[in-house]
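Colleague: Protein chains in written order, with the UniProt record's numbering: chain Z, 1 to 441; chain S, 1 to 697.
Think of the hints as simulated: they come from the structure by calculation, not from any bench.
Computed from a prediction, not measured in an experiment: that's the story for all the values here.
Glycine included, C-beta positions come from ideal geometry on N, C-alpha and C.
Where hints are given, some of them may not hold.
When the alpha-carbon atoms are kept at most 25 Å apart in a straight line, the in silico DSS-like pairs for lysine-lysine are as follows [as the list claims (entries may be wrong)]:
#	chain 1	residue 1	chain 2	residue 2
1	S	K510	S	K522
2	Z	K206	S	K301
3	Z	K261	S	K180
4	Z	K133	S	K11
5	S	K301	Z	K395
6	Z	K204	S	K180
7	Z	K13	S	K11
8	S	K301	Z	K97
9	S	K510	S	K498
10	S	K9	Z	K31
11	Z	K13	S	K498
12	Z	K13	S	K517
13	S	K35	Z	K133
14	Z	K97	S	K522
15	S	K522	Z	K11
Which residues of chain Z face chain S? A few of them, derived with a C-beta cut under 8 Å, are [unchecked claim]:
#	residue
16	H52
17	N53
18	V55
19	E80
20	Q315
21	P391
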Amino acid sequence: MASCIYFCDNKGKTILSRRYRDDIPTSAIEKFPSLLLEAEHESSVVPPCLTHNGVQYMFIQHNDVYVLTMSRSLSINVAEVFSFLYKLVDVLAEYVKTVEEESIRDNFVIIYELLDEMLDYGIPQITETKMLKQYITQKSFKLIKSVKKSKNVVRPPSQLTQSVSWRPEGIVYKKNEAFLDVVESINMLISANGQVLRSEILGKVKVKSHLSGMPDLKLGLNDKGIFTSDDSSNKSDRSTGKNSNIELEDLKFHQCVRLSKFENEKIITFIPPDGDFELMNYRLSTPIKPLIWCDAKIQVHSQSRIEIHCRAKAQIKKKSSANNVEILIPVPEDADSPKFRYSHGSLKYVPEKSAILWKIKTFNGGKEYSFAAHLGLPSMTDVEVPKAKRPIQVKFQIPYFTTSGIQVRYLKVQEPKLQYQSYPWVRYITESGDDYTIRTA
Amino acid sequence: MSDQRIFSKYKAHEIRSELQQGNSKKHRASAIKRKNALKKIVVNLSMGFSSEMALLFPEILQYWHIDDDMEVKRICHHFLVAMAPTKSANFQEALRLVTEDFNSGNEPLRVLALRTLSSVPISTYFDECRKSVYMVLNKGSESEQLKKTALYAARKLTQMEDKQSGAIINFLHQIMENQKEKPGIRANALYVLYEIQETTKTLQTLTLDFDTCMDMLELLPALNEWDNSRLLDSLTGNYIPQNHSDAHYMIEKTIPQLQHANTSVVLNAFKFVIYLTNYVDFLMESLVKQLSASIISLLNKPPELEFLVLRNIILLLIGREKPILSVDVSYFFVEFNDPIYIKDTKLEILYLLAKEDNLSQILQELKEYATDIDIQMSRKAIRAVGNLAVKLERCVDECMNLLLELLDFEVEYIVQEIVSVFKNVLRRYPEKYEICLFKLIHFTDSVQEPESRGSMIWIITQYSDHLRNYLELFQSFTDNFLNEALEVQFSILSSVIKLFTRNPTPATEKLCIDILKCSTEKSDCPDLRDRAFMYWRLLSSAQQSQGSLIDMNAVREIVDGALPVIALNSHLDPQIVEELELNIGTIASIYLKPVGQVFRLNKPRRLPRSPAFNSNRDGIEVISENSRSHSSSLTEKSSGSRPRRKSSPVKKMEDYDRPAETINQLKLKKKTSSAAMNLTRKPSILARKLSMRKPFA
């Protein structure tokens, strides 16, 4: 797959390199900075693939580093390359906290080791941090010692050869617990006149497993697809209106889930990795009304002032409430002397973002708040600069609530040998996604 | 001694003295010192000072043994691999050390040694490597990791020496078909075979039969995610379904993989399914739905992956008359925060998806982008509107109205772009001039760019009959003829001839002669001069001799004939599409170019023919769920009986269909703890919250 991996600084100069195949000349990496510069010239954001002299440069950006791979062949699987690079950064982050130029330099030995383990001949191998940590530790091991005490020989654990490549054996917890977090993020695009152009729910089920041994877990959700096998009960459910099952559009599972079992029998079964992992994610694109509705009237009197009237309403159940609501309303960059009138939350002018930030700690369902703002604009302006049409951004969290209505029906834990009692915990939260935006006129 | 100092350029003798210095002092301190010196070598190697570091070869050999430390070993092996191109004489000496490492009992060290053996291009190394590879792969008890390394080493061997490769390939086939071998090894053997076949021109395709393919798909659950993705990749094109039901069966086997969390697995499964659809007689509607849903979900991945997915969607949209995906346009609405390359691609997709029924929605979006801050984006959006007008005959008016509406903004670059776009629209629909002509000519003075100036000139010339003051308008361009860009000069030249032939008045004649003189006498461009002379001769021959072959009408016919209707071709060559579909998820699909076009070394890929092959891909019927017939038999049997719940206190897996009582629901409390409120999307923070002693109290 990949011929080499390079870590480069933000100018494209090499920090660290690991070459797996000899088909790329060393001069290729020396061209990278100038290629970057060239691409930056064309547009501010560099596309993730560049090609020069028959060499394909594929890279991702993370903090101040570029993680780059190169290949000669056009038939290289970029999907694998990009997925792997992201995974690599994730794994490194577990070892060195933040992946940035300095930490890479400080830990280059361990990074070399990791690169050796995670790729063989440029082909991705094991990328589960839990497994890697078994034999790549921050300290280096002495061979002499380990030979003497043959018990402590550091070698890839035998699990690597088993079918469960993500969980080592012999894990013991005093109290066996599993925590489930159902997190739903709402992405929404609303036009300036309040029409919902696009809405989708992105859900995740995160698991933190504190379970001993090799437990086999079974998760039950109120998904229609999962429960349709129960035809009779399903119908009665619908008629009574209780426990209405929902239909998830697309599910994606962690590699521990037995996919064929799910496909055939609609049961989610898995042997979990130890600790935290994302068990599944799902997507729903049913039309939903904005949970936090926001209407801003922005009047710009050029060369004198700008007036903003904004109303926001929490369109959720009376009982629940949205927390940490943040509404970011863009204003022109040269605005000054803000004057505010508001009843709830806190209102601030954030010049570095050229926006007004309205924060409401708790926003109870059904309530409606508003504010009015008045900012001055300089009377002298340069030649008419086209105004950026930046959208209003909304952030919020609604605990104990899922928009899709998904529910965990049960989580069963079975450990064939240990047969312990375990405690599953579930928690729900809905929050704004990365793109919860309202366009401005 | 600080780590920072490791990252700087060193001379060989500096490091050498450091290495030797360490020798004399106390054991512990010297070991650390020596290790630091070795680290400096690695850093210098990666900074590209390999020739300087090559001088240290003897020292590396010397220290190979002294520190029996894995880290030191790693550095030494790294050094050998980096030095491989030099083929220095020291390698003979090193070979002994490497084989010693390989024969040690230590697993990682053996892996390391085998890798080194396979990466040094010296024949003695190859011999040793071949021996080791056979040894490792024949022995059942070796670890999976070592065996995988051996497989990859085998791949290198076939690249390096052609003579032996036949035997190795046969050996790999044996491993792949060996039922007793571990799943990971078999999958990788297949992958290695596939890679060898891919890069060697002389080799036939793998052609796996139904049973082998089935066998391989059975392995999927036992593999790690990367092996999974590679297995699916290698099956594409190498297994050829011989009849429709085989293909259906394989599709059903592969479908579960679409739900993998790893993007590359999903894309490869997707590719395999798409490949198989070439061999089926019909498609289930549910399959189309599932494919679409799973690909749409990938759009929420990081931008680089999103980009890849978008490009692949485009591919499937352009390629087929009847697209195999059914996706809603709203997924491709541009977000403010999208990187520019994603915005671009989304715009392209919106254009391709546009049909009569969703046009108003898309136009609304395009209007939004046209007034965007980003000039490039806004230009492209306008261009897209223009192209839509050309593409969708029934919706021209809607598109034109939008363009005219945008013209009212009077922003400079928008005007430029709209004028250019209108040229195309008017070429396609010459009769549609009434609504736009008079509005457009208001902007005669504000067109600046060569392309829009050229377009404006063309428009004025084309509709000179309807414009009373056309000469006046036209003269605003000719006044400064010599300072215009070359392409504008060309259009002025041909327009002036057209105007003259249409309406030979003294005014047009004077203008015509002025321009002809100017271009023949003052222009530096030979092409322009040539063209001007050509026109001049044409005109003079028509006017001078009445009896000649050419009269004024013929000239008019030549310079001002009817233009061919333009059409947009948004469809790629079916053969290219075929190849691209086999390359889903590869870099070829990003550039939308066939592999062979860019690299001659790569084999072009073709869909292998078989009795089940569908020559007319757009003719495949999509069948709705109700009429589902034979293919369902495979899944039905599994959803039969379900065991009852047992009353034992220990929970059993069999009673999954009943809710467990022990589930601990979190109820909403009046006073929500602040810990729970600060939940964010970051998994690390979530984890911290969860790990608190009493998180839910």
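Colleague: None of the hints should be skipped; say for each whether it holds.
Modeller: Consistency of the hints with the structure:
1. K510/S - K522/S: 17 Å, holds
2. K206/Z - K301/S: 17 Å, holds
3. K261/Z - K180/S: 24 Å, holds
4. K133/Z - K11/S: Status violated; Cα separation ~36 Å.
5. K301/S - K395/Z: Within the cut-off at roughly 20 Å; holds.
6. K204/Z - K180/S: Between K204/Z and K180/S the Cα gap is close to 38 Å, so the pair fails against 25 Å, i.e. violated.
7. K13/Z - K11/S: Holds, because 21 Å separates the two Cα atoms, which is no more than 25 Å.
8. K301/S - K97/Z: The hint holds at about 22 Å.
9. K510/S - K498/S: Answer holds: K510/S to K498/S is near 14 Å, not above 25 Å.
10. K9/S - K31/Z: 20 Å, holds
11. K13/Z - K498/S: At roughly 58 Å apart (the allowed maximum being 25 Å), K498/S and K13/Z break the hint.
12. K13/Z - K517/S: 57 Å, violated
13. K35/S - K133/Z: 23 Å, holds
14. K97/Z - K522/S: 69 Å, violated
15. K522/S - K11/Z: 48 Å, violated
16. H52: Status violated, d = 12 Å.
17. N53: 12 Å, violated
18. V55: 11 Å, violated
19. E80: It holds, given that the least Cβ distance between E80/Z and chain S is near 4 Å, below 8 Å.
20. Q315: 18 Å, violated
21. P391: 5 Å, holds
Consistency with the previously given hints fails for numbers 4, 6, 11, 12, 14, 15, 16, 17, 18 and 20, ordered from lowest to highest.
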